[in-house]
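Novice: Quick note, the sequences are listed as chains A and B, same order. Numbering-wise, the numbering used here puts 29 at position 29 of the first sequence, and it's gapless, one number per residue. The numbering used here runs 84 ahead of the 1-based position in the second sequence.
To be clear, the hints were calculated from the coordinates, so they are not data collected in a lab. Ideal Cβ placement from N, Cα and C applies to all residues, glycine included. Check the hints yourself; a few may be wrong.
Claimed, not checked - Some residues of chain A that are not near chain B, with every Cβ distance over 10 Å (derived): (1) R25; (2) K29; (3) R68; (4) A70; (5) A71; (6) R72.
To be verified - A few chain B residues that face chain A, going by a derived Cβ cut-off under 8 Å, partial list only: (7) C118; (8) L177; (9) H180; (10) V184; (11) A185; (12) G193; (13) R198; (14) T257; (15) L269; (16) S273; (17) A277.
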Amino acid sequence: MSRDAGALEEIYEPEQLVLSDLINRVLDKGVVISSTITISIADVDLVELDLRLLISSVVALTEQARKREAARRDDVSVRVDPRP
Amino acid sequence: MTTYLYGLILARNAERVPPAAKGIAGAAVRVLHCVGGRIAGLVSTLDEPIQASIDAVRAHDRALQSAVDHDVTVAAVRFRQSFSTDDEVCRHLSEHGGRVAELLDHLDGFVEMRILAAANVQAPRTSAPSQPEYAAAGPGVAYLQQLRDKSAQRPAYSARTELAALIRDEHVTSIREDAVAVAHLVRRSDIPAYKTAVATIPRFSQATVVGPFALYSFAEPGT
Chain A
1 MSRDAGALEE
11 IYEPEQLVLS
21 DLINRVLDKG
31 VVISSTITIS
41 IADVDLVELD
51 LRLLISSVVA
61 LTEQARKREA
71 ARRDDVSVRV
81 DPRP
Chain B
85 MTTYLYGLIL
95 ARNAERVPPA
105 AKGIAGAAVR
115 VLHCVGGRIA
125 GLVSTLDEPI
135 QASIDAVRAH
145 DRALQSAVDH
155 DVTVAAVRFR
165 QSFSTDDEVC
175 RHLSEHGGRV
185 AELLDHLDGF
195 VEMRILAAAN
205 VQAPRTSAPS
215 QPEYAAAGPG
225 VAYLQQLRDK
235 SAQRPAYSAR
245 TELAALIRDE
255 HVTSIREDAV
265 AVAHLVRRSD
275 IPAYKTAVAT
285 IPRFSQATVV
295 GPFALYSFAE
305 PGT
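Turn these sequences into a full structure, and let the hints guide you.
Specialist: As C-alpha cells, this is what we get:
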C-alpha cells in the first residue's frame, strides 16, 4: 500500500481503520449467549453511554498520535544538517 | 465476582489454548469445560463489572487472539457477556450452544480475514429506514443500525468472484461512514494465497488486510 509521507491523514489512516474495525468487530459481531447482555440493542441507555465513551476514546487516541508525529517532525527538522 | 465469556471453542481443541493468556483487567483466561459439552468457553473470573472502554475492547480481542495464534478456531462472543458463575455459563451453553457446536465442527481450521477499505466506490441505491425512526430509539442504537443499513447497500465491495477459490463465505460491513470491512472465511492454510490474491484486486490497492481473527462475522446468523 503506497503512502505519501507528507500527509498526516494517510499516515494515520491504517491505524484509524484498524481501530474502527476492532470496535465494530468486538461490539457488534459475535455470538450472543446471554439473554441479559449489557450492551444489547434493547438496552438503549447503556449502548448510548458506552458508544460515547468509545467514540471519545477514538478521537483522543487520534489526537495523541497527531501530536506525537508533529513533535517527531519538529525534532527531525532541527537535526537536519543544512550544509551541502 | 462474575464469569466473563470471550469466545467458544471445540472442547477437543482446548489443550492448544495457551495457559498464560490474559484478558480484561489482566485476569487469567481459562478454558471452561461443561459436562458432556462439545464446546468449551474461554472465560475469566472478574472481581467487578467491566466498564466499556477501549482497553476492555482490546483486552477482549487479545484474549481471543491468544487462542487463534495457537491454531484454535474460536467463535467470538459479543462484548460484555458476563454470568454469575461458571455453572451459569454452562447452563446457557447447554441451552443455546448447539448451533455454535455445529458451526465450529463445520469450520474447524478456518479463520476470519478482513479487508479494510475506504468507501469511495459508488454503490447502488437501496431503500433504508429514515434516521428519525432510529433516533427515537437513542443515539447508540441509531449509530449501530445506520452502520448495518450501510452494510446492506455495499455489494460493490464484494470480492466473491476474485477470491472464490480461497473463501468459504463473505460479509461486508460498514465500520465507519467512509470505510468498509470485507470479512472472509478462509482456511488457515490458505492465508498466504489469500493475501497474495487480495493484492491483485485493483479496488483494494490501498486497502489494509488484517487477520487472522476469531470468527466474528460468521459466528452468529444475521450479523
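Novice: Could you run down the list of hints and mark each one as holding or not?
Specialist: Status of each hint after checking the structure:
1. R25: Check fails; 5 Å does not lie beyond 10 Å.
2. K29: violated, 4 Å
3. R68: Holds, since 17 Å exceeds 10 Å.
4. A70: With a cut-off of 10 Å, A70(A) remains clear of chain B, as the shortest Cβ separation is near 22 Å.
5. A71: About 22 Å separates A71(A) from the closest Cβ of chain B, which puts it past 10 Å; holds.
6. R72: For R72(A), whose nearest Cβ neighbour in chain B is about 22 Å away, the distance exceeds 10 Å, so it holds.
7. C118: violated, 12 Å
8. L177: Where the cut-off is 8 Å and the nearest Cβ of chain A is about 7 Å from L177(B), the hint holds.
9. H180: Given a least distance of 6 Å, the restraint on H180(B) holds.
10. V184: holds, 6 Å
11. A185: At 11 Å from the nearest chain A Cβ, A185(B) fails the 8 Å test, so the hint is violated.
12. G193: violated, 19 Å
13. R198: holds, 6 Å
14. T257: With a closest approach of 6 Å, the T257(B) hint holds.
15. L269: For L269(B), the interface hint is violated, since the closest Cβ of chain A sits about 13 Å away, which is over 8 Å.
16. S273: Violated: closest Cβ of chain A sits about 23 Å from S273(B), beyond 8 Å.
17. A277: Constraint on A277(B) not satisfied, violated at 19 Å.
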